[in-house]
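Asks: Chains A and B, in that order, give the protein sequences.
In this text, residue positions in the first sequence follow the numbering used here: the first is 1, and each later residue adds one.
In this text, residue positions in the second sequence follow the numbering used here: the first is 1001, and each later residue adds one.
Calculated from the structure, these hints are not laboratory results.
These figures come from a predicted structure and were not determined experimentally.
Here a beta-carbon is modelled for each residue, glycine too, at the ideal position from N, C-alpha and C.
Keep in mind that the hints are not guaranteed to be accurate.
Stated by the list, open to error - Covered stretches of chain A, going by a simulated chain B footprint (3 or more residues, C-beta under 8 Å):
#1 78-89
#2 154-167
To be verified - So the derived list for chain A, only partly shown, Cβ under 7 Å to chain B, looks like this:
#3 Leu170
#4 Pro173
#5 Phe198
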Amino acid sequence: MTSPPGVTRATLVKDLRLEWRSKDAVNSMLFFALLVVVIFSFSFDPTAEESRRIAGGLVWVAFLFAAVVALNQTWARELRNQVLDAYRVSPASANSLFFAKVLGNFIFVSVLQALMTPLFVVFYNLRAVGPAYQLLFVAVLGTWALVVNGTFFAAMSVRTRSREIMLPLLLFPITIPALLAMVEATSSILTGEFSAKFWIVLLAVYDVVFTTGCLLFFEIVLHGE
Amino acid sequence: MKRAFPIFAVLTAGLLTYGLYGALIQAPTEQTMGDVQRIFYYHVPSAWTAFCLFFVNLAASIVYLVWRNPKADALALASAEVGVVFCTVVLVTGPIWARPVWGIWWTWDLRLTLTLVLWLIYVSYLMLRRFSSSGQTPMMAAVLAVLGALDVPLVYFSIWFFRTQHPQPVIGGGGSIDPRMLHVLLMNWLAFMCFATLVCWSRYRLEILRRQVEETQALESLLAAGSSR
């Protein structure tokens, strides 16, 4: 149980069970994303041609905002009953804990995307002109980029005074290149005008760089010294 | 050291005055753009100075992460604050120049976007320093500075994929510049670097003093609590 994969598995199973029983994160993300979709849809009221062009931006902005809702709860949940302090004094490796939290958030955000995508298709009348299978790569790599940075900065912002506000302030500037890549890749696939290859490669590089960086520094952030 | 500060301040004031004279009078008027081009002598040196300060911030943050030296953290804070000010000057003077020359205030060009993203990252850095509890601030800020530096090449490549509108760098970019203009430009850069060093220096000293005061106050209240018992 104390081996790194064991810690990861135990934490992940605990988080998934908590989420399965309360459904706090998924419910709040879902409703939030639904509101964003509805509000965008009637504030722009786009035609099928226009919506194909702007949908990449709308989808990812909605997912980004919704993900922040769940990411904020990742560590805040551990503050109750001093669970986070218990993690600090336990000999378990910090990175396996971080990895469990990232995987958990990845699952939550993926569930959100799986449920929201049909709604986007209905509201915006979407149909991919380019190779649709590439959207899967964009979704997986893009979600990983959001979640790995988000989990890391959530651990940072939970230690500040105004934690709920601090997370987007830290996360958004750093995520700009990844967000640009997700939006551009999705738009190029939907319109079929350009190849999305460059953006997918950029996302993959972003994921590798920031996963390494976060794993390198997480222990310092968790122990706060 | 204490005597060096006023001497350096006077020197900087002299250099800034000479730089202003150079930019407004000495430098020849640009052929196509006219006098509006003179903003170049403030825009470009501010940009170089801001980037130098962000580099100092990154170096100080790495030093802090490796050796946990509190002086390195004070330097990181001073350079980030002054760097944000210079970066703001760049972002304000740029559009003032761009409007008459390009006909637009802003465009999502490579250098503009990179500067804006750097500015955003460093503003979030200062926000983090402001909102975190004092014991953990240096460590978290240093980590953010290093992650922000990792972000810069990625921003560069993501915007590079778009078309670039900003004039190519006139120094080392294959462009040609009148030697008198170059002289004024470098003079202004020297003046700005001196000014930035001066401000950083006093901010650094202020930060060190502030921490000493805090430590003394904490110690005093501990002693008072001990003696009243």
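Asks: All hints are to be evaluated individually against the structure, with a verdict given for each.
Replies: Here is how each hint holds up against the structure:
{"no.": "1", "hint": "78-89", "verdict": "violated (count 0)"}
{"no.": "2", "hint": "154-167", "verdict": "holds (count 6)"}
{"no.": "3", "hint": "Leu170", "verdict": "holds (5 Å)"}
{"no.": "4", "hint": "Pro173", "verdict": "holds (4 Å)"}
{"no.": "5", "hint": "Phe198", "verdict": "holds (6 Å)"}
Hint compliance for this structure: hint 1 is the single one not met.
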